[in-house]
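Chains as they are written, first to last, in UniProt numbering: chain L, 1 to 455; chain S, 1 to 455; chain U, 1 to 455; chain R, 1 to 455.
Don't take each hint at face value.
Said to hold, decoys possible - Capping the alpha-carbon separation at 25 angstroms, the derived lysine to aspartate or glutamate pairs in DMTMM-like fashion look like this:
no., chain 1, residue 1, chain 2, residue 2
1, U, 163, U, 265
2, S, 325, S, 311
3, U, 86, L, 11
4, R, 12, U, 94
5, R, 325, U, 323
6, L, 276, S, 296
7, R, 261, U, 305
8, R, 331, R, 348
9, R, 12, U, 323
10, R, 276, U, 419
11, L, 36, L, 219
12, U, 12, R, 348
13, L, 422, S, 311
14, R, 328, U, 323
15, L, 36, S, 419
16, L, 276, S, 311
17, L, 36, L, 95
18, U, 328, U, 289
19, U, 213, U, 11
20, U, 328, R, 31
21, S, 422, L, 333
22, L, 325, S, 362
23, R, 261, R, 360
24, U, 12, U, 141
25, U, 12, R, 31
26, U, 325, U, 305
27, L, 328, R, 388
28, S, 331, U, 31
29, R, 325, U, 290
30, S, 124, S, 362
31, R, 12, S, 311
32, L, 213, U, 31
33, S, 36, L, 323
34, R, 213, L, 323
I should point out that these hints are in silico values taken from the structure, not numbers from a laboratory.
4 protein chains.
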Amino acid sequence: MLEQSPLLTREKVLRDPIHDYIYVQHQVILDLINTKEFQRLRRIKQLGTTSLTFHGAEHSRFTHSVGVYEITRRICDNFQRNYPTKEAGDGLWDDSEKLVALCAALLHDIGHGPYSHTFEHIFKTDHEAITAQILTDPSTEINQVLAGVSTDFPAKVASVIQKKYPNPQVVQLISSQIDADRMDYLLRDSYYTGTNYGTFDLTRILRVMRPYKGGIAFDINGMHAVEDYIVSRFQMYVQVYFHPISRSMEVILSHLLHRAKYLYENNRLGLEDSPKLLIPLFENDFSLDDYLQLDDGVLTTYFTEWRQNTDTILSDLAVRFLDRKPFKSIKFDANTADLLPDLERLIESAGFNPEYYTAENDSYDLPYDAYDPTKDKPRTQIELAQEDGSLVELSSVSDLVASITGKVSGDRRFFFPRELLKSEDDLFVDIYNQFRTYINNDNLIHPKEITQHDN
Amino acid sequence: MLEQSPLLTREKVLRDPIHDYIYVQHQVILDLINTKEFQRLRRIKQLGTTSLTFHGAEHSRFTHSVGVYEITRRICDNFQRNYPTKEAGDGLWDDSEKLVALCAALLHDIGHGPYSHTFEHIFKTDHEAITAQILTDPSTEINQVLAGVSTDFPAKVASVIQKKYPNPQVVQLISSQIDADRMDYLLRDSYYTGTNYGTFDLTRILRVMRPYKGGIAFDINGMHAVEDYIVSRFQMYVQVYFHPISRSMEVILSHLLHRAKYLYENNRLGLEDSPKLLIPLFENDFSLDDYLQLDDGVLTTYFTEWRQNTDTILSDLAVRFLDRKPFKSIKFDANTADLLPDLERLIESAGFNPEYYTAENDSYDLPYDAYDPTKDKPRTQIELAQEDGSLVELSSVSDLVASITGKVSGDRRFFFPRELLKSEDDLFVDIYNQFRTYINNDNLIHPKEITQHDN
Amino acid sequence: MLEQSPLLTREKVLRDPIHDYIYVQHQVILDLINTKEFQRLRRIKQLGTTSLTFHGAEHSRFTHSVGVYEITRRICDNFQRNYPTKEAGDGLWDDSEKLVALCAALLHDIGHGPYSHTFEHIFKTDHEAITAQILTDPSTEINQVLAGVSTDFPAKVASVIQKKYPNPQVVQLISSQIDADRMDYLLRDSYYTGTNYGTFDLTRILRVMRPYKGGIAFDINGMHAVEDYIVSRFQMYVQVYFHPISRSMEVILSHLLHRAKYLYENNRLGLEDSPKLLIPLFENDFSLDDYLQLDDGVLTTYFTEWRQNTDTILSDLAVRFLDRKPFKSIKFDANTADLLPDLERLIESAGFNPEYYTAENDSYDLPYDAYDPTKDKPRTQIELAQEDGSLVELSSVSDLVASITGKVSGDRRFFFPRELLKSEDDLFVDIYNQFRTYINNDNLIHPKEITQHDN
Amino acid sequence: MLEQSPLLTREKVLRDPIHDYIYVQHQVILDLINTKEFQRLRRIKQLGTTSLTFHGAEHSRFTHSVGVYEITRRICDNFQRNYPTKEAGDGLWDDSEKLVALCAALLHDIGHGPYSHTFEHIFKTDHEAITAQILTDPSTEINQVLAGVSTDFPAKVASVIQKKYPNPQVVQLISSQIDADRMDYLLRDSYYTGTNYGTFDLTRILRVMRPYKGGIAFDINGMHAVEDYIVSRFQMYVQVYFHPISRSMEVILSHLLHRAKYLYENNRLGLEDSPKLLIPLFENDFSLDDYLQLDDGVLTTYFTEWRQNTDTILSDLAVRFLDRKPFKSIKFDANTADLLPDLERLIESAGFNPEYYTAENDSYDLPYDAYDPTKDKPRTQIELAQEDGSLVELSSVSDLVASITGKVSGDRRFFFPRELLKSEDDLFVDIYNQFRTYINNDNLIHPKEITQHDN
């Protein structure tokens, strides 16, 4: 069945710093943008605590979502112009797939909550399940708009996002190792952080993309542009997304929510500080509508109220989060992990409850998408199409990509209050001195390990 | 007296999309950035409702404030390198003024609240007075850091921001027709909106700036760069800052806060919806600390709570604001203002309370800074220094600048619910049809005025 | 008759710094680019002596020509997508005009010689006439490619460039106050000089362009973008194109060619220095093929040979041009023009032949395109289309544009050897001292005029 | 001895698209730029035939040279501000080295001729030796300016460029794996080609550079910025510098000069076509002054004259070069090299002299600078300084860099006239058909090798 949505009499545009303009041509796209569920994305930062490290990166999930839509739109237009299907099964592009692709692109992040990773961890929510629910639950404005196209359209769009849609081209546009989602966030996050690690040649990549039976491939003469994209992505991870300060602020956020939940469950949060909109989450009994009330501002508003809470751990953590007082951290590995209890003991001696004032965090949790077909959940590999149409896999022709293929990346860090690095003479000065013997060149070490060298 | 602050052993940098890096060299600057009052600026958008028109412009007052600091730092460095004073009164740059200039630059917006213009209008607050209070009240962390330099340093910094400081060079760095504040926001707002109207040649302008006895002048060979800056500023006002959609959202915000205040004062807001952090403002009895709890998120959190309020005007306006459902608007002028009551009557007939569903708004309220020495509050004019040292005023040598000098700019608009433009057949269809006869080419007209033309 | 050219099986692209890619879709466009006449444009700088002031601006007429083509292509695509004609005379876009528009855009500068303005002045050539000749003379590769479309196609393309083509939309795409030619050179010259005065919002302008019966108009909501373009153009003229150093180098070039021609005509150029490829020009008896042999390198090669010429004026001017030793200059006007003979006399006393070592040059010769319908050759005015389709003229709604409408811009300068400003004590020191009394603040003055002022 | 040059009373600036401004502060730098030898660099393209592939890249060696100077200046300023030497041998920066470093940076390419690589190959010139000669020969303006600093200053500057200067910091600023030369050309060539492969974070790299006893190191927290630079450099080589079309045009240029030399030596070049300025090179008896007369325009002027030469090989190759008619090419390797004689035989049968119409060219000749200390000429490795001052080598901590370390990169190609790929039916159609059986997917293959596959 061919889904259609009326075209606007004249296309509308949204000004965008990354793509110059976002072109909206279908009434349904405009209507989706105007739903309350989509507008809510304006109040959720794309990068969570990263803006506390890179102050420019305060952009919201709204901007990213319209960007993913726009890249998808450009790809579909290119496919239709250059690779239109002539007969079923010829592996070329069927333009009746465009609308489902555009809607899936626009809505792929609709289920995200504030500070997603941390929030999900504490409250056991799942943004992917919620995305599907928002699309298919008749109570949402999103669902009502989608259902206006056809009764099974909401489920279809959801199935693209869930990678269950039968046409692999549509699925790979939205979810693959080089998809519209990743392309937009690399460029956007680069732009807003003011770094340039994430830049790559979008125009050239869009130009060399082409549909084939199994999904989407890239002309081999665009190999280096794809390679450059992979390297840029790697660089953004290690330089921006894995930044220790942002992770430190996430640690504080996590401990803060954890403490609040604990106090609530033990009736110690205080009536004054009743966080109305969070209570359904604390109760672990929340509706979709409850969930959709939440945004970054709701959390920080309650944190502001908690600054004066009588529980000193809660109020102290709220202050650390709102006033940006990150924990410090050091790297550790299998060889030094056994020293962590020593450190926790020292930290406790200095007056900090280790449960709320220390953390281990590895950036492997934010998985790096290196390609590896041998994994349990093998990723769709990136295929390059040669002149004669045959395909070769990217890492087989690129040394650069091969070097980072299948390898996890990132580091493991131990977080602790910066007070431990104080040098002032106070009650705990001996503890501080002892603590510092465990640290060298940003690494946890066995205290005896420090070696001499001359510069 | 020469204020000094220890230099950091190594300068720190903040990554910034506009200036690449912000260089922090003094301990006091680092300490000011780390205060709770300054960190709060991260939670207040620089452009308020403008991000609802230009979705990329979600940057905060924090990013702008460090940008103004950075431009000021570069100017001071240039002055010290090229125009150091040799003897008192020679009109050259005295580098002992640097620290007060840098602190004033960093802190010039510290007193802003959320959605400042609207907020101040409803709650009769004054961000300039609050700025001075934050600097000079011993309860603030800002004051404590400044007082560490010298006991009268907080007052000195405040006097720069209040334009009362004796050295006009320092004052004009922060407040004049071409100052570090304006230069940063034009570039920054351009970058984040994704328009390029606000770009100008910052490097060249910094290069041609020079101190003189009366303040700051510009080498005449940089005249066209200054001209370009003035034109860019004009363009940003008419294209971005005065955008009807943003003003429409401000109108809704204003009506919403106004309604909430009214309900509160009449005990009709509902216990459930007690907006704890706003109550001191509703009571018109708030401390500096109360004020400093507020940010954009606090407002939108209460708006979220009000979505379900039993007062339908409050809940409807909250929905319109959160879900971005702007009013429509048309231009009017002295010749058509007499028609506004007609329109209000029609709007009321269609079921909308005109007090909360219409507004007149002119963008002259957001004054355009054209130069005019004949005004009551004459602005410091822009002086160009010729080869032999004599000064000429900018508009006397630039036709472009002369063309916009002393003229107000902007338009007057009447705002109304978009429902009035509905074409569907419903109860009010006659009202809608009548309403539309008052509108032509975005202007309010006398209904008979429409003339024929062929294209 | 509908001209057609086969489409390439797959479009080809040229990488371009301004437009990212130039998209070539027709075989005839590819063939035109590959002609010898078009490739020759690679060896002629777009901005002549401007690269001696702005060293980055070394780009050729080739890059500009493909850029004009690309902008035209985008406009045609937009017109076809949004404003396709439905019946003859409806004022909308007839896509069968596309090919002639594209060819005219690509070839509009094909007749330019090296350092056009100066060259034409000395040798009485006319690049517009030569352009027409290149298109219509069967000896050229350009003509052969065009004639492959249809026998009258070469003449048609020529008539577009000559503004005689019946469809005003096609003519205005290439030649009007806001056409593809101007739009490309402003952006390109800005980029290569490294200034940003010429930037404007190309995407937005392309978006608001629309065909109408009388040519091309712009949606009124894009008024400020058009205004910004006009101001940018003005800025580029006064800041870049009229730069005194570039004009000074043109003066030297002109005197150098003039001297060579004079020596040639008087048999004093020397056999050794016979400038083979220039002789037909010196003889004023040259074929189209002779003309097409010339490029920037041919001129500088002969200048290099002339460095050693026995005529000291010729060799000195060659050295000044090749080694970039510009004359100095001052502004003068009607009030001071009577002093120029005094200066020339002083210059002659210092040992310089005024015919070859001085010049008057006004930048009005490089006309600024302000709009003025009252002129002898009225320009096509810029029309803005209102919501209801009626048109208003740009300067009637833009104060900024009105301020520069109909006014000439630029200055008149007198050029002289920089030696006259020497301060060293040599034979001519009295002359130098006397000379300097005529100069103040970059202006020619009556020696008594200097007034005192304090700074 | 401490070399000094008077500072200009006010620094001069050159506008530059890459660095915004080039700041000239010393009289000697200004004087060097104004020499005839330096101005000649304006007439030699930085990238030779690359502009025939990437049309935007028409920039000259002049722009690059001032860019290298500017980067060096910034590094020196940073070193002086942050790492000034306190006592001899402390491994910190001695600012009396600044002037020699700046001059070496500015002049490092002064000896280049037109289309250097090809030119040197044909005429056995050596631009490095000529650079040294220009610096030290009293006949040059460059030498005279340098000698004005001190008598041994010219030799000192030359020794920096020749890597013989005792202070390794100064040498490494100009010549190492990450030096001012490479940093400027990557950014500049990226900008002018309009690709973005060569971009990297210059500001950050300059920030993390620091002097140490053995030369220049980088703070370890800047590791990823250095890594990004290395990858960018790799990308520029494979995507831009090794482009087959540019190499094809070099092949034609080489054959053309070779043919001209051959004809000259056999008195067959023709009196009419006597290339006056090239004759000393043909005679292999040229002075420094002869060499310095040459530039790109001199070569193309003679090529233009040769278009009509009676030798058909010479005239045909001149046409192919001037009108940009590149040879085609295919990759080959050790397994297929034995087939090349077959191809040459076919090409000869089709009427082309293989000596002038075919070539083998591998891009290994344009060496890729991967780091490898085991090589005969070991490169200075890139050292990263850890927090405690100890150094680690880059590839030991970067997987990405390790993956391209010590590996040659590029390909081997066989070039032939595009006529061989004609499909038209003419005399040689059988030859063409046979020729094509050797080609598959841009590779030379054994004709039987083609395998079937379906897409």
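Each hint tested on the structure:
Among the hinted pairs, residue 163 of chain U with residue 265 of chain U is inconsistent with the structure: their alpha-carbon atoms are about 38 angstroms apart, more than 25 angstroms. As the CA atoms of residue 325 of chain S and residue 311 of chain S are separated by approximately 19 angstroms, the hinted pair is consistent with the 25 angstroms bound. Between residue 86 of chain U and residue 11 of chain L the alpha-carbon distance is near 20 angstroms, which keeps this suggested pair within the 25 angstroms criterion. Pair hint residue 12 of chain R plus residue 94 of chain U does not hold up; C-alpha atoms about 54 angstroms apart against a cutoff of 25 angstroms.
Of the supplied pair hints, the one linking residue 325 of chain R and residue 323 of chain U is violated, its CA atoms being roughly 33 angstroms apart against a limit of 25 angstroms. Proximity of residue 276 of chain L to residue 296 of chain S is assessed by CA-CA distance (about 18 angstroms); at most 25 angstroms being required, the pair is judged to hold. Taking the CA atoms of residue 261 of chain R and residue 305 of chain U, the gap is about 21 angstroms. The hint holds against a cut of 25 angstroms. For the proposed pair residue 331 of chain R and residue 348 of chain R, the alpha carbon gap of about 20 angstroms is at most 25 angstroms, so the pair holds.
For the suggested pair residue 12 of chain R and residue 323 of chain U, the alpha carbons sit about 19 angstroms apart, so the restraint of at most 25 angstroms is met. With a CA separation close to 33 angstroms, the supplied pair residue 276 of chain R and residue 419 of chain U exceeds the 25 angstroms bound. Annotation: proposed proximity of residue 36 of chain L to residue 219 of chain L is violated, straight-line Cα distance about 41 angstroms (limit 25 angstroms). Simply put, residue 12 of chain U and residue 348 of chain R have alpha-carbon atoms about 31 angstroms apart, too far for the 25 angstroms limit, and the pair is violated.
As the CA atoms of residue 422 of chain L and residue 311 of chain S are separated by approximately 54 angstroms, the hinted pair breaks the 25 angstroms bound. A threshold of 25 angstroms between alpha carbons decides the hint, and for residue 328 of chain R with residue 323 of chain U the separation of about 39 angstroms lies outside it, so the pair is violated. Taking the CA atoms of residue 36 of chain L and residue 419 of chain S, the gap is about 18 angstroms. The hint holds against a cut of 25 angstroms. Under the criterion of a C-alpha separation no larger than 25 angstroms, the hint pairing residue 276 of chain L with residue 311 of chain S is consistent with the structure, at around 19 angstroms.
Distance check on the hinted pair: residue 36 of chain L and residue 95 of chain L sit about 29 angstroms apart at the alpha-carbon level, beyond 25 angstroms; violated. Annotation: proposed proximity of residue 328 of chain U to residue 289 of chain U is violated, straight-line Cα distance about 38 angstroms (limit 25 angstroms). Distance hint between residue 213 of chain U and residue 11 of chain U is unfulfilled; the C-alpha atoms sit about 32 angstroms from each other, more than 25 angstroms. For the hint pairing residue 328 of chain U with residue 31 of chain R, the CA-to-CA distance comes to about 17 angstroms; that is within 25 angstroms, so the pair holds.
Taking the CA atoms of residue 422 of chain S and residue 333 of chain L, the gap is near 65 angstroms; set against the 25 angstroms cutoff, the hint is violated. At most 25 angstroms may separate the alpha-carbon atoms for a hinted pair to count; residue 325 of chain L and residue 362 of chain S exceed this at roughly 43 angstroms. Distance hint between residue 261 of chain R and residue 360 of chain R is fulfilled; the C-alpha atoms sit about 21 angstroms from each other, no more than 25 angstroms. Taking the CA atoms of residue 12 of chain U and residue 141 of chain U, the gap is about 21 angstroms. The hint holds against a cut of 25 angstroms.
The hinted pair formed by residue 12 of chain U and residue 31 of chain R fails the criterion: a straight-line CA distance of about 47 angstroms is larger than 25 angstroms. For the proposed pair residue 325 of chain U and residue 305 of chain U, the alpha carbon gap of about 18 angstroms is at most 25 angstroms, so the pair holds. At most 25 angstroms may separate the alpha-carbon atoms for a hinted pair to count; residue 328 of chain L and residue 388 of chain R meet this at roughly 18 angstroms. The suggested pairing of residue 331 of chain S with residue 31 of chain U is violated, with an alpha-carbon distance near 53 angstroms, which exceeds 25 angstroms.
Straight-line distance between C-alpha atoms of residue 325 of chain R and residue 290 of chain U comes to about 22 angstroms, which keeps the hinted pair within the 25 angstroms bound. With a C-alpha separation of about 20 angstroms, the suggested pair residue 124 of chain S and residue 362 of chain S falls inside the 25 angstroms cut-off, and the hint holds. Only pairs whose Cα atoms come within 25 angstroms are accepted, and residue 12 of chain R paired with residue 311 of chain S is rejected, the gap being roughly 68 angstroms. With a C-alpha separation of about 35 angstroms, the suggested pair residue 213 of chain L and residue 31 of chain U falls outside the 25 angstroms cut-off, and the hint is violated.
Distance hint between residue 36 of chain S and residue 323 of chain L is fulfilled; the C-alpha atoms sit about 5 angstroms from each other, no more than 25 angstroms. This hinted pair does not check out: residue 213 of chain R and residue 323 of chain L have alpha carbons roughly 42 angstroms apart, beyond 25 angstroms.
Hint check: violations occur at hints 1, 4, 5, 10, 11, 12, 13, 14, 17, 18, 19, 21, 22, 25, 28, 31, 32 and 34; the rest are consistent with the structure.
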